[in-house]
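There are 2 protein chains.
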Amino acid sequence: MDIKTKVGARLRDVRLAKKLTQEKVSFDSDIDKSYISEVENGRRNISIVNLEKLTLTLGISLKDFFNTTDFS
Amino acid sequence: MDIKTKVGARLRDVRLAKKLTQEKVSFDSDIDKSYISEVENGRRNISIVNLEKLTLTLGISLKDFFNTTDFS
Numbered sequence: 001m002d003i004k005t006k007v008g009a010r011l012r013d014v015r016l017a018k019k020l021t022q023e024k025v026s027f028d029s030d031i032d033k034s035y036i037s038e039v040e041n042g043r044r045n046i047s048i049v050n051l052e053k054l055t056l057t058l059g060i061s062l063k064d065f066f067n068t069t070d071f072s
Numbered sequence: 001m002d003i004k005t006k007v008g009a010r011l012r013d014v015r016l017a018k019k020l021t022q023e024k025v026s027f028d029s030d031i032d033k034s035y036i037s038e039v040e041n042g043r044r045n046i047s048i049v050n051l052e053k054l055t056l057t058l059g060i061s062l063k064d065f066f067n068t069t070d071f072s
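The listed protein sequences derive, respectively, from chains A and B.
For the first sequence, my numbering assigns the number 1 to the initial residue and increments by one for each residue that follows.
For the second sequence, my numbering assigns the number 1 to the initial residue and increments by one for each residue that follows.
Looking at chain A on its own, in the form it has when it is part of the complex (with noise of 0.2 Å):
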């Protein structure tokens, strides 16, 4: 699996975990609803300005998004 595809299954799973939409996150994150669904499909090179927004919309840490065997 490349880690577009890690990163975007990873935000995915984040997400519903919390119950929140892609529209959801994508008002909270001011990141177009389009691109968030591309990332969580794989289909994106995502930067780390974006995985920070991302994930701070998301509520979880650099340090435990990536705390998982997928990144090890």
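Check the hints yourself; a few may be wrong.
Because identical chains share one entry, a pair is satisfied inside a single copy or across any pair of copies.
As the list claims (entries may be wrong) - Only pairs whose alpha carbons sit at most 30 Å apart, straight line, appear in this in silico BS3-like list of lysine-lysine:
#1 Lys33 to Lys53
#2 Lys63 to Lys6
#3 Lys19 to Lys33
#4 Lys53 to Lys24
No lab work stands behind these hints: they were computed from the structure.
Since chain A is already given, all that's left is putting chain B on it; use the hints.
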């Protein structure tokens, strides 16, 4: 400290701890040395694909890379 600066400082710390030069990391990662220098100086919004290339070259997982208080 913004995320670009944090990531850049962390990359430099890991590189220096492993006694690697920017030239060596550039050669092994196939990423331009001046780009690496700019990332380390917090002037680049690095993508997840390039960040993974650099952490792989530095021999550190993304899980361990982000496992510092700077990212919590």
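Handout entry: Hints not upheld, ascending by number
Key = No numbers; nothing is violated.
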